[in-house]
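Q: Given next are the chains, with one letter for each unit.
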Amino acid sequence: QKEVEQNSGPLSVPEGAIASLNCTYSDRVSQSFFWYRQYSGKSPELIMSIYSNGDKEDGRFTAQLNKASQYVSLLIRDSQPSDSATYLCAVWGAAGNKLTFGGGTRVLVKP
Amino acid sequence: KAGVTQTPRYLIKTRGQQVTLSCSPISGHRSVSWYQQTPGQGLQFLFEYFSETQRNKGNFPGRFSGRQFSNSRSEMNVSTLELGDSALYLCASSYTGTPYNEQFFGPGTRLTVL
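Residue numbers (our numbering), protein chains in the order written: chain A, 1 to 111; chain B, 1 to 114.
Check the hints yourself; a few may be wrong.
[To be verified] Mimicking EDC-like on lysine to aspartate or glutamate, the simulated pairs with C-alpha atoms at most 20 Å apart in a straight line are: (1) K110/A <-> D78/A; (2) K56/A <-> E82/B; (3) K1/B <-> E102/B; (4) K42/A <-> D27/A; (5) K57/B <-> D27/A; (6) K1/B <-> E45/A; (7) K57/B <-> D78/A; (8) K13/B <-> E82/B; (9) K2/A <-> D27/A; (10) K57/B <-> E102/B; (11) K42/A <-> D83/A; (12) K110/A <-> D83/A; (13) K13/B <-> E75/B; (14) K67/A <-> D27/A; (15) K42/A <-> E102/B.
[Said to hold, decoys possible] To be clear about the criterion: a stretch of chain B counts as covered by chain A if any three or more of its residues have a C-beta under 8 Å from a C-beta of chain A, and this derived list gives those stretches: (16) 48 to 59; (17) 99 to 110.
Derived from the structure by calculation, the hints contain no laboratory data. For glycine and all other residues, C-beta sits at the position ideal for the given N, C-alpha and C.
Taking the hints into account, I'd like the entire structure generated from these sequences.
A: Have a look at this one:
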């Protein structure tokens with residue numbers, strides 16, 4: 001079992017709809033959780049960090065964390081074609097004192 | 001604030017050669033982490049430096065090494081290059097590299113080994 005797992009996609013979403021991305025992690029003692037966006041040929045860009053159970057909202061993005069279920073998600077509201085990218089979930093502590101990344105979910109927003 | 005910078009942006013080397021990549025962190029950041037990204041393996045942690053000391057290391061062979069200078073700039077070196085070392089090498093900086101510090105990535109160095 002991988003330490004951090006994501007569905008590879010592609011997740012196809014109509015413009016204006018909500019995109020829902022999921023991430024599960026294996027180590028219960030994982031401490032902090034991050035979502036990055038990576039456009040093709042570019043480096044990852046930090047979108048959100050979340051450290052405690054519940055929801056955290058930043059603009060059109062909402063991160064949700066459930067430590068009991070070892071689950072973190074990202075919602076993108078009012079999806080735009082510019083949101084088409086690969087979204088990486090990263091977990092601190094999933095495999096030691098470092099950031100471990102999932103394989104990423106590719107999102108396609110269709111006009 | 002200026003972001004994380006990496007040089008060079010692109011490199012082409014042949015098998016057996018060695019390469020040195022450079023990373024300058026965001027001003028005030030003292031932790032630098034290095035990652036290798038390939039289509040097959042995704043983003044994998046190489047090592048992390050803080051205050052000129054390697055604090056964590058991933059599961060890579062000893063051909064991969066690094067160092068950090070007193071100004072927090074970091075270099076990584078790959079010796080005896082293999083075809084499988086072709087990848088995007090990313091560095092990320094954070095204030096102290098602890099769990100609640102966000103990491104910010106540089107643009108990466110694209111290494112091609114022929």
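Q: Taking a Cβ-to-Cβ distance below 8 Å as contact, does the stretch 48 to 59 of chain B have at least three residues touching chain A?
A: holds (count 4)
Q: Decide if the proposed pair is consistent with the structure: K2/A and D27/A, CA atoms, cutoff 20 Å inclusive.
A: Holds: K2/A and D27/A sit about 10 Å apart, inside 20 Å.
Q: Holds or violated: are the alpha carbons of K57/B and E102/B at most 20 Å from each other?
A: Roughly 19 Å between the alpha carbons, so the hint for K57/B and E102/B holds.
Q: With a cut-off of 20 Å on the C-alpha distance, tell me whether K67/A and D27/A pass.
A: 10 Å, holds
Q: Quickly compare the C-alpha distance for K42/A and D83/A to 20 Å and report which way the hint goes.
A: 14 Å, holds
Q: Does K1/B pair with E102/B here, judged by a C-alpha cut-off of 20 Å?
A: 15 Å, holds
Q: Tell me if the straight-line CA distance from K110/A to D83/A falls inside 20 Å.
A: The hint holds at about 10 Å.
Q: Has the given pair, K13/B with E75/B, been kept, meaning a C-alpha gap of at most 20 Å?
A: 17 Å, holds
Q: For the stretch 99 to 110 of chain B, do three or more residues have a beta carbon lying closer than 8 Å to a beta carbon of chain A?
A: holds (count 9)
Q: Hint check: K110/A vs D78/A, CA-CA at most 20 Å. Holds or violated?
A: Status holds; Cα separation ~12 Å.
Q: Given the proposed pairing of K57/B with D27/A, does the C-alpha separation stay at or below 20 Å?
A: This hinted pair holds, its Cα atoms lying about 19 Å apart.
Q: K42/A and E102/B: Cα distance at most 20 Å?
A: At roughly 19 Å apart (the allowed maximum being 20 Å), E102/B and K42/A satisfy the hint.
Going down the numbered hints, you'll see the structure goes against 2, 4, 7, while the others check out.
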